[in-house]
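With these hints in hand, go ahead and build the complete structure from the sequences.
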Amino acid sequence: MPFTRALCYLSSLIILNACSPDSGSPDDVKDITDPELYQFTEVDIQFLKRFSISQLGEPPASISNKFADDKNAAQLGKSLFFDKSLSKSGNFSCATCHQPTLYFTDGLKRSKAAGTTRRSAPTVLGAAHSPWQFWDGRKDSLWSQALGPIEDVNEYDTSRTAYVRKVLQKYANEYQTVFGKIKLDFIKQLPEHASPAGNEESRNNWQSLDKKTQSQINQVFSNTGKAMMAYQRQLQIPESRFDLFIETLPTNQPHRLAEIFSAEEVRGLRLFVGKANCASCHNGPLFTNYEFHNIGAPDPQDQTVELGRHEGVKSLLTDEFTCLSEWSDAKENECAEMRFLKTNGTELVGALKTPSLRNIAVTAPYMQFGQFDSLKQVIAHYNRPTPPVYNREQHPSRPHFDIMPLKLSEQEALALESFLGTLTSPLPKDDPWWGL
Amino acid sequence: MKIIKIVLSVLLFGNYSTLCAFATSQTTPVNEYIDLANEQLKQAREVQKASRQLIVDANKVRKQLKQLRAPQLQTNNFVETRKESVSELVKLLELKQKEGAELRTLSKRLKQLAASNFEEGFIHRWQSKITNREPLTMDSEVENFFAHNARIRSVHKNMPSAKATPSQDTKERSDMSLLVPSLMKQNAPPDLNINAFKFSREEKLFAHIEVHTDTSTSNSETNDITNVSAVPLNKIHRWRLMVTDLSGNPVENIQFKVEGHMPGHVHGLPTAPRVTHEVEPGVYIVDGMKFQMKGWWVMKFIVESEKNENDSPKHADFFTFNLVL
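Chains as they are written, first to last, in my numbering: chain R, 20 to 455; chain U, 1084 to 1408.
To be clear, the hints were calculated from the coordinates, so they are not data collected in a lab. In this text the structure is predicted, and so the values were computed from the model without any measurement. Backbone N, C-alpha and C define an ideal beta-carbon position, used for all residues, glycine too. Keep in mind that the hints are not guaranteed to be accurate.
Claimed, not checked - Here are the simulated lysine-lysine pairs, DSS-like style, with alpha carbons at most 30 Å apart:
1) U/K1281 <-> R/K350
2) R/K350 <-> U/K1318
3) R/K90 <-> U/K1383
4) U/K1383 <-> R/K333
5) U/K1125 <-> U/K1149
6) R/K68 <-> U/K1166
7) U/K1174 <-> U/K1146
8) U/K1179 <-> U/K1166
9) U/K1174 <-> U/K1149
10) U/K1340 <-> R/K333
11) R/K231 <-> R/K361
12) U/K1191 <-> U/K1318
13) U/K1318 <-> R/K85
14) R/K361 <-> U/K1340
15) U/K1340 <-> R/K350
16) U/K1383 <-> R/K361
17) U/K1212 <-> U/K1287
18) R/K231 <-> R/K333
19) U/K1166 <-> R/K361
20) U/K1166 <-> R/K333
21) R/K361 <-> U/K1281
Claimed, not checked - Covered stretches of chain U, going by a simulated chain R footprint (3 or more residues, C-beta under 8 Å):
22) 1187 to 1197
23) 1256 to 1262
24) 1353 to 1365
Printed below as a string of C-alpha cells:
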C-alpha cells in the first residue's frame, strides 16, 4: 500500500534525524559487507548533488503570467483546484485525478471523471518547472494547461460561460482582489453554455456573442488558469530518503550512509546513473530533462498510435491560450520557445515528455497509457525494449527510438527497482498547499 | 609535364604567401589579403581539377588492366607482351593515383590558406563588429554527463529487434567511482574544422558566426551571456552571421534556411532557429538557437535562391559550421 510505505519513510526520516547528530562511535557501526560500495569521491558527490531536491530552486519566472507568484492568486487557485461545484455534474475537480494523498495522481491507467481520458494522469508536482505541459507538451504554460480540463468532455465537461459564471458568483471577492475590479453584470446575460471549443450548440452560442463579451469571458477564463498556475507553483516536494543520502555523502562515513541506504539501494543508485543510463534523461532534482523522447512503451492494441510531440506541436500552433496569445502577459518577442517552436523532425514522432521520477514507487501505473503496472515491468521494458512499430498508415515518418537494451542481470534489475523506492517523499501533512 | 609545373608554382606561391601574410598582418591593406585568398582559391580549384583528371585517367588505366587480365585473353602467344604491358600499366596507375592524391591534398591545403587569408581580410574590414574570432564552445562548468545515446531508429514489425546492442560504454574516470555513460559516436574527428570563419560550399561567399551579445535588442533571457565564445546550455540565444562575397563586400538580403544536427546521433536542435533580421548590410541575426547537450554539432545555413525556384535543393549554396561544444 502506498500510504503505509510513505509513512514508513516519514518515520524513518524522523528516527534518523534523532540519532544522526553523533553516531560516529564504533559501537553502533552497522556491519557493512562491501565498504567500497559506500565510498564516493569528491566528483561523485558533486555529480550526485545535482539530483538533490535542495538544488531545485524556485520555478523559472513566468513571462506569460504576471500573477504567477502572487499569494492571493495561489489561494484562489487552490480553491478552484479543489472545487467540485465548478464541473458540470458537480462531482469532479482537478483533485479527482490529481489527488494529494496519491502525490497528485489517481492510480488509474486512464483517468475517470465525466468520461475516461485518453491518457494517464501525471503528477502536477514539479510541473511548474517544465516548459511544456502534458505528455505531448501541447500546452506551453500551466495556466493554459489548466483551461483544458474544464472544457474537456471527459473531465469537467462544462463550458467557458458556465465555468466563468460559477467562478464569478462564488469567488467574486477573491477574484477581484487579485485581478482587479470588474463589472460583474455581464455574466447575467450569458447563454448557459457557450464556447468556441464546445459542441455545436455551444459554438453557435459563442458565435452569437459580441466580440467584447467574448473577450470579457476569455479574460476571466484565462485568469482562473493563472490562479491555478500560481497555486501549483506553491507545491513543494519534501526531502526523500534519497535527498538525505546525498546530503550525508560529504561526511564520508560509510556506516552513516548505510543507515540511510541499503547496499542494494546504493547498487541501484550506481546503476541508475551508470550502466542503466537512466540519468541521461531522468536527471536533475526532479529526475527529468523535460525533453521529448520515444522509449517505445508499447501502443495498446486497437488504438491510434501515439504520435506524441509531433501532435503536441500541431496543437500548440492553433492553441488559443499560448504565450503569444492576447491573454498572455508577455510581449511577443519574449515568447522565444513558441516563436522558435520546432514543428518538424522525425524525433518528434511518438516522443513524450520525460516524466519526473519523484515518488515513482507510489504512483503506479506507469507510462502515458498506464501500460505497466509495476516498476518491475518498467525496468523489464528498459532492459529489453521493443522499438516502436512503424505504422505506415498513421505515422508521418518512421518513429524515432531513444533507448538501447541494457542487459541487466536479474539482481541488477532488482537493485535499480529498490533505488527508485528511495525517491518517495513523506506526505507533508502540515503543508497547507498540499491540502492533505 | 604541365601538372608538375602547376604543383611547383603553387607550392612556392603558397608558402611565400603565408610568410607574407604573417610578416605584414598589421599594415597590409584589406584587399591584399582578400586578393591573395582569391588567387589561392583559384589555384586550389585548378589543382583540384587536375587532381580529378588524374583520378579519371587512373580509372581508365584500371579498366585497361582489367581487360588485359580478363580470362578470355589468356592464350599462350600473348603471355609475354601482356606481362610487360600489365606491369607498365600498373606503374602508370600507381603514378596517377599518387599524383592525384598529392594534388588533392595540395588543393585542400590551398583552400585552407585561402580561408585563413580571407579571414584576415574579413577581420580588417569588419574589425569594429567582430567580438570573437575563436571557435564557439560551451561554458566549461557544464559537464558532458547527461547525454542519451540514441543510435537506432524504430524497426518494422517484422524486423528482428535484436539489432540493438547493449549500451555498455561507460566512462572510467580516475576521479569518479560512478560509471557515468560516455557519449557514444559523439567524438568529433580530431582534424575537424571548427573555425568560426568559412567559405560557402560553392566558394562564392564567406561568413563568420558569433554569439550575439548586443543587449539593447535582445530579450531579457539572453542578457546574461558574458562569455562571447561560449554558447549557453539549454537556453534560447542569438547568433550573428556576417556574410561577404569574394571581394569582401557585405552581401545583403539573403534568405537563409537554418538547420542543425548532431552527427552520430539521430536528432536535431530542440528549437527551429531562423534568421530574423539583417541589422546592417551583411549582418544577419539568427534567433532561437538552443543546444540541449554538449558534443559535436553541425550548423548549416542554406542560401535560398529566389530567382530559380526550380533549383534542386542540392544545388543551393550553403555554409556549414562544425561546433564542438
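Going down the list of hints, with the structure as the test:
no., hint, result
1, U/K1281 <-> R/K350, "36 Å, violated"
2, R/K350 <-> U/K1318, "18 Å, holds"
3, R/K90 <-> U/K1383, "47 Å, violated"
4, U/K1383 <-> R/K333, "25 Å, holds"
5, U/K1125 <-> U/K1149, "36 Å, violated"
6, R/K68 <-> U/K1166, "74 Å, violated"
7, U/K1174 <-> U/K1146, "14 Å, holds"
8, U/K1179 <-> U/K1166, "20 Å, holds"
9, U/K1174 <-> U/K1149, "14 Å, holds"
10, U/K1340 <-> R/K333, "21 Å, holds"
11, R/K231 <-> R/K361, "34 Å, violated"
12, U/K1191 <-> U/K1318, "36 Å, violated"
13, U/K1318 <-> R/K85, "21 Å, holds"
14, R/K361 <-> U/K1340, "14 Å, holds"
15, U/K1340 <-> R/K350, "25 Å, holds"
16, U/K1383 <-> R/K361, "16 Å, holds"
17, U/K1212 <-> U/K1287, "22 Å, holds"
18, R/K231 <-> R/K333, "28 Å, holds"
19, U/K1166 <-> R/K361, "64 Å, violated"
20, U/K1166 <-> R/K333, "70 Å, violated"
21, R/K361 <-> U/K1281, "27 Å, holds"
22, 1187 to 1197, "violated (count 0)"
23, 1256 to 1262, "holds (count 6)"
24, 1353 to 1365, "holds (count 5)"
Checked against the numbered hints listed earlier, the structure breaks hints 1, 3, 5, 6, 11, 12, 19, 20, 22; every other hint is satisfied.
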